[in-house]
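There are 2 protein chains.
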Amino acid sequence: MRSDNPPCGLLVLIVGPSGAGKDTLMERALADYACTQHIILTRRIITRPADAGGEDHQSMSESDFDTALKTGDFLIHWHAHGLRYALRADIRDDLARGRTVLANVSRKVVGTIAELRLPIAVIEVTASREIRAQRLSTRGRETTSDILGRLQALDWQAPNGIDHYRVDNGVDLNTGIERFLIALARACGGDTPIHHLPIDTGPRLIGFLSLRHPLHDAIQALPAPRVEVDILGRPLVLEVQWVDDDRWLAPNAIGLARATLSRLGLIAGMPLQLQPAPPPVGAPALRRKLRGHSLNEDEFSSVVHDIADNRFDEASTGAFLASLANHLNDNEVIELTRARARIAQTLHWDRPMVVDKHSMGGLPGSRITLIVIPIVAAHGLIIPKASSRAITSPAGTADTMALFADVELGPDDVRRVVNGANGCIVWNGRLSHTPFDDMTNAIVRPLDLDSARMSVASILSKKLAAGVTHLVVDLPTGPQAKLQNQGKAQELKQLMESVGAALGMRVLARITDGTQPVGRGIGPNLEARDILKVLGNEPDAPRDLRDKALDFAGALLDWAPDVAPGKGRVRAEALLSGGAAKAQFERIVDLQGRRALPAAPGPFHADITAPTSGRIDHIDIWRLNSIARLTGAPGDTLAGLDLIANKGKRVEVGQPLYRLYTSSQSTLDRVVAFALTGNAFELQQE
Amino acid sequence: MRSDNPPCGLLVLIVGPSGAGKDTLMERALADYACTQHIILTRRIITRPADAGGEDHQSMSESDFDTALKTGDFLIHWHAHGLRYALRADIRDDLARGRTVLANVSRKVVGTIAELRLPIAVIEVTASREIRAQRLSTRGRETTSDILGRLQALDWQAPNGIDHYRVDNGVDLNTGIERFLIALARACGGDTPIHHLPIDTGPRLIGFLSLRHPLHDAIQALPAPRVEVDILGRPLVLEVQWVDDDRWLAPNAIGLARATLSRLGLIAGMPLQLQPAPPPVGAPALRRKLRGHSLNEDEFSSVVHDIADNRFDEASTGAFLASLANHLNDNEVIELTRARARIAQTLHWDRPMVVDKHSMGGLPGSRITLIVIPIVAAHGLIIPKASSRAITSPAGTADTMALFADVELGPDDVRRVVNGANGCIVWNGRLSHTPFDDMTNAIVRPLDLDSARMSVASILSKKLAAGVTHLVVDLPTGPQAKLQNQGKAQELKQLMESVGAALGMRVLARITDGTQPVGRGIGPNLEARDILKVLGNEPDAPRDLRDKALDFAGALLDWAPDVAPGKGRVRAEALLSGGAAKAQFERIVDLQGRRALPAAPGPFHADITAPTSGRIDHIDIWRLNSIARLTGAPGDTLAGLDLIANKGKRVEVGQPLYRLYTSSQSTLDRVVAFALTGNAFELQQE
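First to last, the protein sequences are chains A and B. With UniProt numbering as the guide, the letters of the first sequence map in order to residues 1 to 686. With UniProt numbering as the guide, the letters of the second sequence map in order to residues 1 to 686.
No lab work stands behind these hints, which were simulated from the structure alone. Please note that a few of the clues may not be correct.
Since the list gives no way to pick one copy over another, a pair counts as held whenever it fits inside one copy or between any two copies.
Stated by the list, open to error - Here are the computed lysine to any residue pairs in the SDA-like style, where the Cα-Cα straight-line distance is at most 25 Å:
#1 493 / 291
#2 482 / 211
#3 108 / 164
#4 488 / 294
#5 493 / 222
#6 482 / 284
#7 482 / 291
#8 493 / 281
#9 488 / 284
#10 488 / 292
#11 488 / 221
#12 488 / 75
#13 482 / 551
#14 70 / 341
#15 649 / 81
#16 567 / 543
Using the sequences and the accompanying hints, generate a full structural model.
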């Protein structure tokens with residue numbers, strides 16, 4: 001059982017015989033179940049080459065191991081099967097911050113670790129001899145006699161006073177993972193099992209409890225019935241609805257809707273730890289803000305934490321966010337940035353300079369990130385880029401990159417890729433996206449709040465936590481962009497740069513043309529094609545995309561110590577033209593995990609033509625986005641649209657303006673019909 | 001079935017043989033079930049004296065009836081049992097405004113009414129011969145042969161094409177009312193029966209529907225799953241939670257929690273009319289306000305309607321109210337007042353001058369209303385006063401008045417009382433309180449928003465709708481009052497008076513001392529005692545209460561055309577001292593429905609004494625309120641506290657400061673213990 005006084009984490013030692021499937025269970029549980037997002041998996045250090053296959057580990061040479069041992073870098077170390085193993089000493093820091101840490105260790109060191117007097121529990125993963133023998137033989141790492149030797153070690157009991165949970169991983173993988181999660185939840189103090197109730201509560205986080213639940217009276221005494229659940233170390237508050245029928249819900253269980261299970265990445269049967277939700281500590285700060293006062297970092301931090309933990313009702317959160325949208329002075333943006341950085345994922349780089357590039361978005365196409373990162377990385381700057389998936393647009397950078405490589409990387413893998421190729425292009429969902437983002441997006445978007453100033457804090461806090469020292473920001477500006485005019489763009493540019501400066505970060509915000517798409521394709525596959533043409537220096541590569549990418553890469557390279565001021569763009573051009581950028585891109589793709597590129601877009605396509613002759617005066621970005629979404633992008637990665645004509649160009653009646661790609665004729669018909677109900681291209685007769 | 005195009009009301013004709021209990025069912029349904037709050041009960045006009053007993057009606061002389069008939073004041077008229085009957089013509093206006101109107105009519109006129117081509121339905125209330133004979137004989141209005149004659153009329157069928165529902169009122173009254181409500185709901189188009197689900201959803205308005213409900217797909221296509229239900233003509237939006245188990249909820253039903261049934265005054269089995277909730281028409285106006293724009297009357301009106309109908313999610317409503325609390329310019333207060341007046345209950349008085357008195361409240365005791373109204377009414381001014389019950393305080397004016405007389409009067413009864421006694425003191429719950437108040441109070445209070453400027457619109461809109469022409473407002477001001485300082489009080493005074501002027505209402509706002517209670521008693525019974533002492537000119541009547549009441553009555557009388565300017569207070573004093581005010585109070589009490597006054601407070605009591613000697617420097621109003629609430633007031637009307645010492649007075653150690661009254665020794669012990677944990681009276685040593 002973990003202590004009742006957070007922050008006090010738990011070190012969960014995963015033990016079990018070879019072939020029981022410890023590593024697989026741990027990795028799959030952490031990769032596939034969002035409930036584990038606050039859990040830290042610590043890799044063992046082993047004196048075995050990294051590419052030797054089998055269990056995941058951090059490889060270390062014998063001599064490095066000796067050095068680390070002397071400098072106190074290990075929490076504990078041991079020998080097994082002729083190799084040397086260790087756990088890193090910084091686990092202590094994670095535990096002090098209240099985190100749950102998983103470590104795959106040998107049973108024989110459990111007693112020694114117990115002597116360290118850390119809060120620990122043991123989960124023993126087991127499987128029958130037959131199953132283990134079968135698994136071990138497929139590893140091909142050991143001889144049959146080795147395998148037989150391992151299979152003898154079976155009966156084992158954790159030292160006295162240490163909680164010991166057993167997981168039988170002898171059935172299929174999913175059963176094993178579920179049993180593992182349940183054992184983990186019990187180790188973390190969970191005692192109230194989750195029961196799936198056949199009620200769909202929509203996006204609202206509701207926990208159903210029996211009127212006869214032991215906490216009933218204590219929860220009803222609250223101003224509003226809310227329960228705090230501990231999900232493997234992450235606190236979260238659920239609104240309570242009471243059930244008065246034991247056939248529906250047993251008095252000792254907590255009922256959750258399927259959507260809640262899936263949103264929180266929980267499974268039925270997992271026990272949670274419950275307590276009446278304490279009042280939000282940020283309530284006084286929130287009320288101060290509503291009454292027009294300015295908040296400082298600590299005040300913002302309390303509110304941000306409470307919103308992330310769902311401690312406020314929606315009326316309070318809505319009122320707070322509307323208030324931020326209207327009144328957030330420059331200093332408050334700085335304070336809010338610092339407060340948000342506290343909950344952002346931290347990354348540490350032992351480099352004096354870590355660069356990044358960010359776009360305020362809203363512009364279709366404009367997929368320059370996949371060109372900028374390899375150029376900058378090819379020069380040798382560190383650029384760990386985390387991008388979003390599309391939410392309302394036809395593609396996000398992560399959607400397009402996902403065609404080339406795996407983008408769902410955790411912090412350890414990001415470190416590995418960046419160490420190997422100076423840069424990465426990964427999805428921000430596991431890296432920099434926070435529960436606070438989910439909670440606020442669900443309110444800011446439907447209310448259409450002016451979130452520009454808030455977003456400065458959002459962006460910079462994540463960069464700050466991720467160790468970024470130099471940042472270039474793209475501010476597409478135009479009547480249909482997030483920044484509607486030069487005035488707003490200028491205001492935001494100055495705010496970004498000054499807040500960055502106050503936080504010790506060099507920020508350069510560039511106001512760019514947000515009146516038309518950049519590049520030709522809109523949709524993952526078509527954008528990927530444009531990017532490959534630019535990286536490959538193909539003659540028909542979209543010029544505007546190439547130019548914009550070089551501008552941004554150049555701005556970043558201007559900061560490089562070995563590039564003369566103002567010569568960044570020249571250097572960028574050289575890296576792109578000479579093929580170094582392309583080679584670097586391939587290196588990044590390989591390290592992230594290469595995927596087979598899909599072939600051609602479509603296969604169905606149709607052209608939308610000019611209804612009259614004239615000069616293209618205006619492109620309706622919103623309409624173009626809608627049309628591109630209707631083709632099926634980004635879900636259907638082969639769908640999208642391809643611009644044929646550009647703004648300012650003269651077209652004759654009947655000449656194609658853009659081409660639609662869909663995966664079915666019926667979708668194509670529907671999109672064409674919609675496209676013909678209006679004009680995405682406005683033609684001016686000359 | 002009512003039309004799908006509101007506003008288009010429904011005239012429900014209630015027919016049935018004498019003794020079936022039509023009037024009783026209608027009256028009880030309307031008095032006891034909040035779901036009927038939008039239904040209008042039209043009283044028949046009968047050429048029979050008003051005090052003749054039996055069914056409720058508006059009495060009219062034969063000659064007045066003839067005149068009204070000639071001037072077209074009747075929708076329809078008929079003869080029965082030697083009397084003449086009629087329905088008022090203004091029913092057409094109510095129907096045009098989409099209201100459901102109930103009318104008790106003779107079966108033989110249904111055909112004639114049908115020819116008027118209004119939307120009508122018929123509910124026939126029946127009972128067995130035996131039961132009807134029994135009921136009729138207790139009326140004592142008719143002879144046995146009359147009764148027998150009536151009991152012959154039984155079989156009857158509404159004319160073709162008119163919906164005809166039958167209610168068997170032959171069991172007990174509650175069963176009859178439930179059957180009547182179900183028939184009424186069916187007449188109003190209800191087709192989805194309410195099923196009580198054993199889930200407590202708290203204050204949230206949730207409708208449970210089966211995943212297999214016919215509207216599932218249409219509702220799921222909405223941005224958020226919400227259903228609009230029509231409750232006897234009142235639209236209301238419920239958040240939808242889906243149930244995936246036919247044993248819990250049949251696919252054709254709507255599940256509601258017990259608390260929802262009770263809040264909306266619904267009963268299980270009543271059918272509702274459902275449709276996917278259309279998007280709130282006020283959403284653009286709400287967003288404009290969130291972005292800092294000012295709104296006009298129409299925009300406010302759309303948002304106010306949508307909030308009252310629960311069309312917005314809480315985040316939107318919270319954001320909107322927080323925005324109003326921070327930014328509401330003077331003109332917006334006027335526009336908001338006009339918008340809110342549209343949904344307020346309207347009252348019409350054919351008098352050039354209708355006065356009223358309002359208090360911003362927050363001060364314990366200070367129950368001057370029960371003194372001011374009779375004084376002003378005794379002079380001859382019309383003063384129809386609607387007051388609140390206590391929400392967080394130990395008593396509201398309506399709580400105290402409820403000791404003397406019935407306060408739960410509807411508009412018709414208010415008119416009757418005021419016509420008879422010039423004034424009334426009734427609960428505002430059925431008169432001027434709106435669903436919008438419920439929705440906003442639930443957010444403004446927990447968020448502790450500064451609602452002072454909003455409340456000007458709230459107060460004045462109701463007075464405007466109620467036909468008030470002259471209003472005096474009490475603004476108690478002090479560090480613990482709603483208005484904390486003179487600056488805020490002055491600002492609000494000027495706002496109230498100028499907004500009133502813009503709306504054609506004379507408003508005088510008086511800033512009063514809000515640093516200590518007025519009167520001695522706190523709690524319904526103790527306050528009633530103080531009031532009777534003042535009205536009875538008893539020598540030990542609390543001076544401060546008498547003075548404040550005379551000030552406010554005087555201010556109102558200053559406006560009377562037959563009182564010389566500045567002589568209002570003198571006139572008020574004469575009316576009070578001479579006993580006219582007391583007599584008028586008794587008249588009001590009689591007309592509202594006199595109640596037997598409970599005897600003495602308590603019976604348990606204890607004194608809290610001065611811990612040291614000194615001058616009473618400060619009285620902690622909040623603490624005093626808490627202590628008074630702890631005694632059980634206002635629920636326990638005999639509980640409360642009595643001030644013995646006043647601010648500024650010198651007391652010796654051990655001398656009593658105030659006396660607590662409770663209904664049990666254990667409560668008394670608990671309150672005393674709490675009272676001794678701190679000092680409600682601050683003593684300054686001299």
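Can you name, in rising order, the numbers of the hints this structure does not satisfy?
-> 2, 5, 8, 11, 12, 14 and 15
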